[in-house]
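Participant: Chain B: place on chain A using the hints.
Number of protein chains: 2
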Amino acid sequence: MPQRYATPDEAEAAYYAAFQAADLDAMMDVWLEHPDIVCMHPVGGHLLRGYPAVLEGWLHVFARELDIKLELKHVVRTVTADLAVHSGEEHITRSGDTGVSGIIRVTNVYQRTLDGWRMVQHHASPGPREPHVEAPPDFLAGGGGNRTH
Amino acid sequence: MPQRYATPDEAEAAYYAAFQAADLDAMMDVWLEHPDIVCMHPVGGHLLRGYPAVLEGWLHVFARELDIKLELKHVVRTVTADLAVHSGEEHITRSGDTGVSGIIRVTNVYQRTLDGWRMVQHHASPGPREPHVEAPPDFLAGGGGNRTH
Numbered sequence: 001m002p003q004r005y006a007t008p009d010e011a012e013a014a015y016y017a018a019f020q021a022a023d024l025d026a027m028m029d030v031w032l033e034h035p036d037i038v039c040m041h042p043v044g045g046h047l048l049r050g051y052p053a054v055l056e057g058w059l060h061v062f063a064r065e066l067d068i069k070l071e072l073k074h075v076v077r078t079v080t081a082d083l084a085v086h087s088g089e090e091h092i093t094r095s096g097d098t099g100v101s102g103i104i105r106v107t108n109v110y111q112r113t114l115d116g117w118r119m120v121q122h123h124a125s126p127g128p129r130e131p132h133v134e135a136p137p138d139f140l141a142g143g144g145g146n147r148t149h
Numbered sequence: 001m002p003q004r005y006a007t008p009d010e011a012e013a014a015y016y017a018a019f020q021a022a023d024l025d026a027m028m029d030v031w032l033e034h035p036d037i038v039c040m041h042p043v044g045g046h047l048l049r050g051y052p053a054v055l056e057g058w059l060h061v062f063a064r065e066l067d068i069k070l071e072l073k074h075v076v077r078t079v080t081a082d083l084a085v086h087s088g089e090e091h092i093t094r095s096g097d098t099g100v101s102g103i104i105r106v107t108n109v110y111q112r113t114l115d116g117w118r119m120v121q122h123h124a125s126p127g128p129r130e131p132h133v134e135a136p137p138d139f140l141a142g143g144g145g146n147r148t149h
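Heads up: the sequence lines are chains A and B, in that order. With this note's numbering, the residue at position 81 of the first sequence is 81, and numbering never jumps. With this note's numbering, the residue at position 111 of the second sequence is 111, and numbering never jumps.
Everything labelled a hint here was simulated from the structure, so no lab data went into it. Even for Gly, the Cβ is constructed at its ideal location relative to N, Cα and C.
Residues on chain A that point at chain B, a partial pick, calculated with CB under 7 Å:
no., residue
1, Val38
2, Thr107
3, Gln121
4, His123
5, Pro126
Just chain A, same shape as in the assembly (with noise of 0.2 Å):
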């Protein structure tokens, strides 16, 4: 039988795929079945512990009317054999934005298993009101809008 999660990033793509769903099912596959599991929403209650304390967070979660997309950006990753843990920024968009309405930081830990890699711990919170510029912003250059000087 094939590991479900070959790599830490194929574990990581199901997890953001079971978020986007809003399926508990695929969400709860994702998470290792074990008492040290640890789960923090960004909203910032206590850390919840164990598989049925993290899976009842997520039905929270799901609970309510996401109509949001996740995508995690300036990932770092600090992987060994049998751990991995990847901090980045998640970028929320929500539908009918234009551009990116809110930033979540995050912490994402997953373990090797017998059966493949799998999420042990999630730390979301809450983080900057704007992304990172990736570039000098045009003022900086002197410009204004697209003209050429």
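Facilitator: This is chain B only, laid out in the frame that chain A set:
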């Protein structure tokens, strides 16, 4: 030469001691000097990546008069041969306060190196207002103070 931190717990103790002492040198000795270390302070800015950015972040933190005590509670450890993830809740007490004055949710990541265990990630975020209830409150038991029935 003995390794500086023989276990993730030793590195963690050194981290909190450095924080308590507002000692930048001791703090940066705990961190691995690597371009992929990540630090997220609870205030919600962008993630700080790499040794120089992490150092600058702590410089800003220690420039303020903190006068607080942090105690890590409810720690959940996921430890493998080379990487350790500790999650928990930091209880903040301000000098003069009788109880916990704030809670920070935290994920600390340590990596084993040739020179012992070092911190490679720290993600802190605002937590709940009240600590976990460790035992049923007195009123639920029908009691009042230390009276017996």
